[in-house]
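Asker: Chain by chain, the residues run as shown.
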Amino acid sequence: AQTVTQSQPEMSVQEAETVTLSCTYDTSESDYYLFWYKQPPSRQMILVIRQEAYKQQNATENRFSVNFQKAAKSFSLKISDSQLGDAAMYFCAYRSATGGSEKLVFGKGTKLTVNP
Amino acid sequence: DAGVIQSPRHEVTEMGQEVTLRCKPISGHDYLFWYRQTMMRGLELLIYFNNNVPIDDSGMPEDRFSAKMPNASFSTLKIQPSEPRDSAVYFCASSLILGYSEQYFGPGTRLTVT
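Chains A and B are the protein sequences, given in the same order.
According to my numbering, the stretch in the first sequence is residues 142 to 257, in order.
According to my numbering, the stretch in the second sequence is residues 687 to 800, in order.
One chain only, chain B, in its complex shape:
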């Protein structure tokens, strides 16, 4: 398996623009997670899905952020409109089952909003 795939790897956009980050989880994994990493706040869970259904979105910072998982092999994280404080590395991760199981992370998308 190719692992968790994220695109794009880097994104530079201007304030006010819409940004869409994409993730393909490992085939067969039931859970998908979106994280944000910044120097100030570290790694934060934004939202996670189980079988394509959002379970916990309490980490989503505000209404400008939305995430979808239309099927088991694809998820998006959208920011509209983007702001400079959204600049961060966004990770997608997936896992087969929870509890003790490992979360497999993608390579991340570095987002810069100018």
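Pulled out of the complex, with its shape left as it was, chain A reads as follows:
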């Protein structure tokens, strides 16, 4: 079974600075999808960014970008120019693209604090 590990339970960053959240995963599959979700105090889960494993180019969404290292099974999230509104729990998630399973497997999350 696939597993997702987020080794940083908590991280903090100064406003306007850059922070990187780590995520590693374990899978024997070659085709899959990776996601980062944000959960602010309101509890609403919001998709931040996603990556298809067959694409070598790292995904970017405005201030958010990923560093996808397929061989290392690593999928880190970089937040540039951090804003107070970025404070939230961040979850890394994996979904298989084969075998018909549509299950999203989540990591335990990283709590990000943004200091003014």
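For the record, the hints were derived by calculation from the structure and aren't laboratory data.
There could be a bad hint or two in this list.
With a straight-line Cα cutoff of 25 Å, these simulated PhoX-like cross-link-like pairs (lysine-lysine) come out [stated by the list, open to error]:
| hint | chain 1 | residue 1 | chain 2 | residue 2 |
| --- | --- | --- | --- | --- |
| 1 | B | 710 | B | 764 |
| 2 | A | 196 | A | 211 |
| 3 | A | 244 | B | 754 |
| 4 | B | 764 | A | 244 |
| 5 | A | 196 | A | 244 |
| 6 | A | 211 | A | 249 |
| 7 | A | 214 | A | 249 |
| 8 | B | 710 | A | 244 |
| 9 | B | 754 | B | 764 |
All values derive from a computational prediction rather than experimental measurement.
Chain A is fixed; fit chain B onto it per the hints.
Answerer: Leaving out everything else, chain B in the frame of chain A:
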């Protein structure tokens, strides 16, 4: 669209009582998911439906839990009888197609069983 709608937002009940959580997915979405979030176990998929048919219920913890989707616009998750260890936030999510597509989450129901 109003997004995924869940009710109630908060539920407090006593051990042994039946609890029913409700979800209205985004119109036109073919897939519906129920998740449970706890501090200890994180986010876990309980069950998901495709076109109202349960596809994978391997995450349902035990027979006390049941889920139904009688039509494309409504699903329920029922716990009977409830126990204190069922206390968690329960999320419903829906998506149009799978694979790369985004799952849209509802605001969750915080369940407390005393």
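Asker: So, for every hint listed, does it hold in this structure?
Answerer: Outcome of the hint check:
1. B:710 to B:764: holds, 15 Å
2. A:196 to A:211: holds, 10 Å
3. A:244 to B:754: Given that 25 Å is the threshold and the Cα spacing comes to 18 Å, the pair holds.
4. B:764 to A:244: Distance ~21 Å between residue 764 of chain B and residue 244 of chain A Cα, so the pair holds.
5. A:196 to A:244: Measuring from Cα to Cα gives roughly 21 Å; hence the hint holds.
6. A:211 to A:249: holds, 21 Å
7. A:214 to A:249: holds, 17 Å
8. B:710 to A:244: holds, 20 Å
9. B:754 to B:764: holds, 8 Å
In terms of the numbered hints stated before, the structure departs from none.
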